[in-house]
Amino acid sequence: MTLPLYVGLPMWANQDWQGSLYPRQAKTELLSDYAAVFSSVEGNTTFYSGTPKSEVIDAWARQAPPHFRFCFKLPGHITHDQRLTQPGDAWAFLDALTPLHDRLGPTMVQLPRDFGPAELPRLEALLAQWPAHLPCAVEVRHPVFFHKGDAERALNRLLITYSVNRVMLDVRPVFSTPHEGHAGLAHAQQEKPKLPLHVLSTGQQPIIRFIGHIDKAINTRYFTPWIEQLSLWIKQGKTPFLFVHTADNRESPQMARHLYRLVQARAALADLAPFADEKQSQLF
1 MTLPLYVGLP
11 MWANQDWQGS
21 LYPRQAKTEL
31 LSDYAAVFSS
41 VEGNTTFYSG
51 TPKSEVIDAW
61 ARQAPPHFRF
71 CFKLPGHITH
81 DQRLTQPGDA
91 WAFLDALTPL
101 HDRLGPTMVQ
111 LPRDFGPAEL
121 PRLEALLAQW
131 PAHLPCAVEV
141 RHPVFFHKGD
151 AERALNRLLI
161 TYSVNRVMLD
171 VRPVFSTPHE
181 GHAGLAHAQQ
191 EKPKLPLHVL
201 STGQQPIIRF
211 IGHIDKAINT
221 RYFTPWIEQL
231 SLWIKQGKTP
241 FLFVHTADNR
251 ESPQMARHLY
261 RLVQARAALA
271 DLAPFADEKQ
281 SQLF
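When we follow our numbering, the leftmost residue of the sequence shown carries the number 1, and every step to the right adds one.
The set of hints was computed from the structure by calculation and includes no laboratory data.
Do not take every clue at face value.
With a Cα cut of at most 30 Å, we get these calculated BS3-like pairs of lysine-lysine [claimed, not checked]:
1. K192 to K238
2. K148 to K27
3. K216 to K194
4. K238 to K216
5. K192 to K216
6. K192 to K53
7. K148 to K279
8. K194 to K148
9. K27 to K53
10. K235 to K216
11. K235 to K279
12. K279 to K27
13. K148 to K192
14. K279 to K216
Derived DEER-like restraints, expressed as beta-carbon distance ranges [what the hints assert, rightly or not]:
15. D277 to T85: 30 to 40 Å
16. A92 to P196: 31 to 41 Å
17. T98 to H198: 26 to 36 Å
18. G149 to R122: 14 to 24 Å
19. A265 to T85: 44 to 54 Å
20. T224 to H187: 25 to 35 Å
21. D95 to Y48: 16 to 26 Å
In this text the structure is predicted, and so the values were computed from the model without any measurement.
Where is the CB? At the ideal position from N, CA and C, for every residue including glycine.
Please take these sequences and the hints and turn them into a complete structure.
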């Protein structure tokens, strides 16, 4: 089962969402509740903590419905410490995820900020061996890949050759104003790379990581052009993935639903299920 558009958040476990997305007294296994509303998740934890234990993966397989898609990141020790020099570790990571292979969206290869054109042969060696039945996406952060010059053209040709998606990181909202003492906004501006947005689809599953502001109006304004673009990709038979962050992620579920509804008004998309607090209020 493939959906026209997958939408999700950077993780599913966040205590700030208790009493809204989740019940106020939420259970420890939240994935099933999360997947009842959202259709995908970014899966950032694997970047920091590496390959999950087999029993954890089996638990996720039990909780995630058939239509759900995990978009894990390759562990940082593969992309940042080894700099793709030991691809065998990448294959071991993908093999460990075998119970979830039918529910894997593009696995994301997030490259270091100093991973430049000279290292593209390493990326090509990885993509050339990437399992054909598993989608892949690459996120670059070196500024030279955003200059529309030879380096960026070489990168895009490489991704198109292997039908690999280029992750589009939209940080415009979060950098649109000074943080003015807001701790979450200050942290997001310090953590996220301030890079231009280049909108292009090099594969069949374009990925947008929308890094939102704390202000809903600002997010809506920057997201509005995406409505037409997402609708176009859906009409072309592509399967976009939209991951929504906010500066401190407290309002990410509400913001993701708001942006999804904006696209839904233009494209034929199913409604998202209500949040837990809304279900509770309906009982009374």
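Results of checking the hints against the structure:
no., hint, verdict
1, K192 to K238, "holds (27 Å)"
2, K148 to K27, "violated (48 Å)"
3, K216 to K194, "holds (20 Å)"
4, K238 to K216, "holds (28 Å)"
5, K192 to K216, "holds (19 Å)"
6, K192 to K53, "holds (29 Å)"
7, K148 to K279, "violated (48 Å)"
8, K194 to K148, "holds (16 Å)"
9, K27 to K53, "holds (21 Å)"
10, K235 to K216, "holds (28 Å)"
11, K235 to K279, "violated (33 Å)"
12, K279 to K27, "holds (16 Å)"
13, K148 to K192, "holds (21 Å)"
14, K279 to K216, "holds (24 Å)"
15, D277 to T85: 30 to 40 Å, "violated (48 Å)"
16, A92 to P196: 31 to 41 Å, "holds (35 Å)"
17, T98 to H198: 26 to 36 Å, "holds (34 Å)"
18, G149 to R122: 14 to 24 Å, "holds (20 Å)"
19, A265 to T85: 44 to 54 Å, "holds (47 Å)"
20, T224 to H187: 25 to 35 Å, "holds (26 Å)"
21, D95 to Y48: 16 to 26 Å, "holds (20 Å)"
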